[in-house]
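Q: Since the structure of chain A is already known, use the hints to place chain B on it.
Spelled out, the chains give:
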Amino acid sequence: MTEEVRTEFHQLMDEVRADLVQMGGMVAEGISAVSAALLAGDIGGADQIITADDELDLLSLEAEEKCVQLLALQQPVAVDLRTILTDLRMISEIERSGDLVTNIAKAVARLHGAELEPRVRGLIDRMREQAVKLTARAMDAYAERDAGLASVLNDMDDVLDDLHNEYIVSVFASHELGKISIQHAVQLAVVGRFYERIGDHAVNVAERVEFLVTGELPEHLGANRARARREQDEK
Amino acid sequence: MNPEKALMTDESDAPEMLVPSEPHPQTRIDVSAVAAMAGQRAATETVFECGDINVYYGDFLALRDVTLDIAAHEVTAFIGPSGCGKTTFLRCFNRMNDLIEGARVDGAIHYHGVNLYQDEVDPVEVRRRVGMVFQKPNPFPKSIYDNIAYGPRLAGVKRSALDDVVEGSLTRAALWDEVKDRLKTSAYGLSGGQQQRLCIARAIAVQPDVVLMDEPCSALDPIATGRIEELIAELKTEYTIIIVTHNMQQAARISDMTAFFSVQANERGHRTGELVEYAPTSLIFTNPDDPRTEAYITGRVG
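Those protein sequences? They're chains A and B, same order as listed.
Read left to right, the first sequence gives residues 1 to 235 (the working numbering).
Read left to right, the second sequence gives residues 1 to 302 (the working numbering).
Excised from the complex, chain A in its bound form:
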């Protein structure tokens, strides 16, 4: 039988967990809302999304403050330490995804008057779907401490990357056919990039969840190459 002897400490950690799950939910909703505004050319709706990001920034700040308090006052170790380190990293990832949603919202006004072809619209909707799915799955993996679920995020992100490539090709094909201006084509290409980046942040969250559960830091090809070079130099 396990008796809890650090109740307040662990309650505060649970609060941060709930804050992060809420923030992740806000980002997922934001992706859907901003995509609808983009496809509808709804500048008013996009402005609301930009304003709503302030709330996410505030929640990020509050969650980070709680983490600082936990580190300073509770001397966390083992799974508690890994949880708070994960939380701190995740706050940045989620907050950054929120900024990307805002960036898409800002593009809505810049795209005013652009006639989007059905194929481009369809690909935006599919990128929306995949970005929401990635964000939601990453947050589920975090909330449930599910390293297995976290481990599939990378493969799921490949789907978004493929959609992104396909989308860029269609945007510039659309420009070549004279359907959209070069300014609008560039703006649309940048928007595609924002969706793609949201997927990357979800993958980063998933890597952190794997660390939280297993204690293993994510493998990085670049870091491995640098380590090999460093070992070579030492010889």
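Keep in mind that the hints were calculated from the coordinates and are not lab data.
Just so you know, not all the hints are guaranteed correct.
With the C-beta cut set under 8 Å, the calculated list includes, among others, these residues of chain A facing chain B [said to hold, decoys possible]:
(1) Glu4
(2) Val5
(3) Val79
(4) Gly215
(5) Leu217
Per the computed footprint, the stretches of chain B lying under chain A, defined by three or more beta-carbons under 8 Å from a beta-carbon of chain A, are [what the hints assert, rightly or not]:
(6) 65-75
(7) 288-300
Bear in mind the structure is a predicted one, so any value in this text is a computation, not a measurement.
Just so you know, even glycine gets a beta-carbon here, dropped at the ideal spot from N, CA and C.
A: Frame of chain A; chain B shown alone:
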């Protein structure tokens, strides 16, 4: 002098005792393997090999089946809840349990290959090589100088050499500058933290190989604790240190290896301690292997 030979009371038995002992067949935790796994500790010399240690007080089993190795020039910390047997185990390393009525130690502790619990071994010599510092500072009711000189005098160090031994020991215990002008005054005039450093100086004055510390900072304030911790880090270059502590942060700060002990009650309510996990400290406090270790160090345990 040869360390194996020196422990023997009867020199004629020495050759037989010098036969290198087989590594214990049931060694569960190999320090160097753990080190290789963690990738951060160089393989070091082993000072103690403990095989299936069981300690009884009368017919009550206090500690069950402990097997572990202690590496030279490292700080090894024993942590765990009250009654888990960590102090009992610490006392096995210099046969202090011999002094407790009814205490019995089963199993073997090999010290540089020599079983400390074989009949030919002189416990007094063991205690000279394996010194001890206790929870409460316990200076003798003598002057600062005589506290340090006491052991060396008994060991036959000449009067002319004593001054150097006293200065050297107090310097290594980071106390010399504070006491050099009042060596002839009573040790009781020192603060608690100074008294504890005096006890450490006294322990190292007889040139031990290992220093055992049983909660050496529990009676000290944070500054005095910090000084002792710094001292421990310096002392490990010369000595092997084993420390029992209730303060997990202290174990995390100062030790290289951590052993976590737990306690289990049988149906009659007798509580027996056991070793749960033994690993590099950096691993224990970031990613312990055993759920019981994790529960204890994160405070999710009764």
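Q: Each hint needs a verdict: does it hold in this structure or not?
A: Each hint, compared with the structure:
1. Given the 8 Å rule on beta carbons, the hint for A:Glu4 holds: about 6 Å separates it from the nearest Cβ of chain B.
2. At a threshold of 8 Å, the smallest CB-CB gap from A:Val5 to chain B is about 5 Å, leaving the interface hint in force.
3. The interface hint given for A:Val79 holds, since its Cβ lies 6 Å from the closest Cβ of chain B, which is under the 8 Å cut-off.
4. A hinted interface residue such as A:Gly215 counts as satisfied when its beta carbon comes closer than 8 Å to some beta carbon of chain B; here the least separation is about 3 Å, so the hint holds.
5. A cut of 8 Å between beta carbons decides the hint on A:Leu217: the least distance to chain B is about 10 Å, and the hint is violated.
6. Under a criterion of three residues with beta carbons nearer than 8 Å to beta carbons of chain A, the stated coverage of the segment 65-75 of chain B fails, only 0 such residues being counted.
7. Coverage of a stretch by a chain is defined here by at least three residues with a beta carbon nearer than 8 Å to that chain's beta carbons; for the segment 288-300 of chain B and chain A the count is 8, and the condition holds.
Comparing the model with each earlier hint shows violations of hints 5 and 6; every other hint is respected.
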